[in-house]
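Protein chains in written order, with this note's numbering: chain A, 1 to 615; chain B, 1 to 254.
Errors might be hidden in some of the hints.
Computed from the model, here is a short list of chain B residues facing chain A with C-beta under 8 Å [said to hold, decoys possible]:
no.	residue
1	K77
2	I81
3	L138
FYI, nobody ran anything at the bench for these hints, they're computed from the structure.
Cβ atoms here follow ideal geometry from the backbone N, Cα and C, with glycine treated the same way.
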Amino acid sequence: MTELIQIVVGGIMQGSIFALLAMGFSLVYRVTGVINLAQGGFCTLGALLGFSMQSRLGLPPALAALGAVLVTSAFAALVGRVTFVPGLSRLTNSNMLMMSAGLLTLFEGLVLVVWGSQPYALPPFSGERPIAVAGLLLPTQGIWVMGVTFVIIVGLWYMLARTRLGQSLRACAENPTAARLVGVDVARMQLFSFVLAGAIGAVAGVVVGPAISLQFDTGRLLTISGFVAVAIGGIASFPGAIAGGLLLGLVGQLATAYVSSLFSNALALGLLLIVLIWRPSGLIRGAAGRRQDVRDEARVWTHVTRLSARTAWIGAFVLLVAGLVLPWVLDAGLLGALIITLILFITLIGLDVLMGYGGQISLGQAGFMAIGGYAAGYFTTAHDWPPVLAILAGIGISLVCAMILAGVTLRLRGLYMALATLAFGLLIDSCAIGFDDITGGPSGLVGIGDFDLFGFAFDTPLRMYYLVLGVVVLVLVAMAGAMRSGFGRALQAIRTDPLAAAALGVNVVGCKMAAFAISAVLASLAGSLYAFQFHFLSPDMVGTPRSLELVSMLVIGGEGTLLGPLLGSALLTVLPTAFQPLALYKTLASGVLLAGCSLYLPQGMFGALTRVLRR
Amino acid sequence: MSALRVQNLSKRFGGLLATNDVSFDVAEHSLTALIGPNGAGKTTLFNLITNLFAPDSGVVEFNGISLAGLSPGRIAKMGLIRTFQTARVFPGMTVLENVLCGRHRLLGHGLFENMMWLPGARAEERRLATQALALLDLVGLADQAERSATDLPMGAQKLLEVIRALMAQPRLLLLDEPAAGLNDTETAELASLLRAVRACGVTVMVVEHNMSLVMTIADHVVVVEAGGLIAAGPPSEIQVNPRVIAAYLGEEPV
Chain A
1 MTELIQIVVG GIMQGSIFAL LAMGFSLVYR VTGVINLAQG GFCTLGALLG
51 FSMQSRLGLP PALAALGAVL VTSAFAALVG RVTFVPGLSR LTNSNMLMMS
101 AGLLTLFEGL VLVVWGSQPY ALPPFSGERP IAVAGLLLPT QGIWVMGVTF
151 VIIVGLWYML ARTRLGQSLR ACAENPTAAR LVGVDVARMQ LFSFVLAGAI
201 GAVAGVVVGP AISLQFDTGR LLTISGFVAV AIGGIASFPG AIAGGLLLGL
251 VGQLATAYVS SLFSNALALG LLLIVLIWRP SGLIRGAAGR RQDVRDEARV
301 WTHVTRLSAR TAWIGAFVLL VAGLVLPWVL DAGLLGALII TLILFITLIG
351 LDVLMGYGGQ ISLGQAGFMA IGGYAAGYFT TAHDWPPVLA ILAGIGISLV
401 CAMILAGVTL RLRGLYMALA TLAFGLLIDS CAIGFDDITG GPSGLVGIGD
451 FDLFGFAFDT PLRMYYLVLG VVVLVLVAMA GAMRSGFGRA LQAIRTDPLA
501 AAALGVNVVG CKMAAFAISA VLASLAGSLY AFQFHFLSPD MVGTPRSLEL
551 VSMLVIGGEG TLLGPLLGSA LLTVLPTAFQ PLALYKTLAS GVLLAGCSLY
601 LPQGMFGALT RVLRR
Chain B
1 MSALRVQNLS KRFGGLLATN DVSFDVAEHS LTALIGPNGA GKTTLFNLIT
51 NLFAPDSGVV EFNGISLAGL SPGRIAKMGL IRTFQTARVF PGMTVLENVL
101 CGRHRLLGHG LFENMMWLPG ARAEERRLAT QALALLDLVG LADQAERSAT
151 DLPMGAQKLL EVIRALMAQP RLLLLDEPAA GLNDTETAEL ASLLRAVRAC
201 GVTVMVVEHN MSLVMTIADH VVVVEAGGLI AAGPPSEIQV NPRVIAAYLG
251 EEPV
């Protein structure tokens, strides 16, 4: 019994962390309608700033904490002013989601440059020794977290319910246009909510930091936990955020105690998927429902990115020749990077069909790469299957998963698809770590052989390169054919106006399913090739960070253009290899590029290039 | 047989009875106009017919087949094609691609044939492009084919939407205020286009505010007011119907 109470108390402590994270999400979402993935980035930044102010500047802990929160808020104000608020008036909600993913990457990159990649253990506020109360051992930091969460909940509630500022914020949440008409400075309120969320994030980071191990990409994990918590509880209400956080904490602790820590994530995600199917808007609904599709109408589509037929053919020829000649002029390191570029490009073509053409956001594409990769590795090493058969098996499994996931997500409009795919990717992550008999667990699957076809082994980098190039060309030709025919047009029609598309007899669900299936097949194929290229596969090579990186590559390169993603893939793969000293700045640069491209180059680098070529 | 038969259709939105026991027939090969003052429930009727929302009671039959429970996509596949009150061209696509979207329901070649660039599939695409350009030429938009559809002025976008619907080879075409936002020249183009469409054997039903257009092209007029049907008949009768004059046309009949 004591044990159970101990676990429940631990769950509530863990849950208050999630609730604290979730409130930041809920605040920004209620005022702007955007899910701000950068929320976890504020936490890491706040925690590490507090740590440095204490250890480097020698400030007393309380002053360091205050300083950390202030500096983080100031930074949030700058970032919000330059990117987030301008984006609100011109981007769709899904593009805002992508931009906030860019901001998260930007925060990570910044932390990586300033604090490096090593983990930090922050000192607890009141010593390491837990307090014993009625036979229970309570870590002091947990009590701090619960206390701070409580204070913030009360403070936020008071501000929103009892002050004029709170009224204005709520007015923006319910109807921005009407709020503007009665004299509320909506842009300022949006900025304020972003900065306040940043401050909450920083406070969360400062108090939570000592309870966890902190490194540059912890923000991502915090973002995901908070995001899952609000999705479970209901993003449009604070009680929902709090309830979701506590529930997630409890489920996680109970699962760790009674099942296995490896599967506690899987259980939490299972919970999320159930909630998404059963009650897409979360357990507790907000007072004012926000329509997912409101801002999508305002999106400015100024350009149609089409090269003239002549330019396209010449370009394709030049690219093909370059592709054939390149390996003879590159050194081994760059050739390796080029192979990876092309393998990722295969995934990106699928993602582009799904996101760029079809407008469905997937944040779990690496999950299909993982399925393909592990299937290829496992079946060839453990069962001596021929590689081609193993690849096909991977594709089959991916297709089954994709169709199940499509059954869940296609009922959900807008950002729920992003959420469900994110949950899928995370689920695959924990399976990759958990099923260590098949995947080799955290340390990875070793000893994967060479790819061979009818006895011909692709055992040199050069052979592997031409194999991958061949696959890329085939996939590109097929997709170019598909995109310039009825299917491609139907997808683009669905992207902007599913209703009008249906009124012309387009099978909306069928087309989305097909796009999702194509993306899963290509990702799975790429994952298999990836495994054969490295002869090794570990969870972090095909995990959720990879999914987010794929989205960055797509947006930077140019979504909705078949060749664009190649630019994004090359930029983020070849450049860090070619200029090793710059590798440290890769994350920061990709964050800046992703946020910048969403704002200023809606069709990415390729779109900009096309405009130049058409002049 | 009637192309479209609407029987006792009703729809309530909260306290508002948007459609109240409406019944009418649209004869095959006719051009029927649906008129009524603002807020009379004309667009709601269109939305009920195409099942954008389900009616509370009543039946819609298209060529003798009940449309109850069918998705808008299925209804379109049967040849009942509609346009929208505000032009809904697809952004991010060219004018030509927009028109080609119209033919989606009748494409003979599927995804895999196009992935493999089979000659038949390519030939179909080329044939459709020629047809689409010919249709665009009818409203003077052929030279704009490669432009982004949303770059067109509003009037041209409305015409483009009509052309896109025609590309779908409808058996029954429902047009929701096609002349709204069109200038006089464009309205005249639209009128001759609609006459030509009817001459091809397509049944047309049109919601329209432009009375001179309605009275010159329609051979049957259905009048609704406050959700209910108040008159139906040929234009000459409608023009002198006292209830219609009181409800809609005002003191001076057109």
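If any of the earlier hints don't hold here, list their numbers in rising order.
Checked against the structure, the only hint that fails is number 3, while the rest are satisfied.
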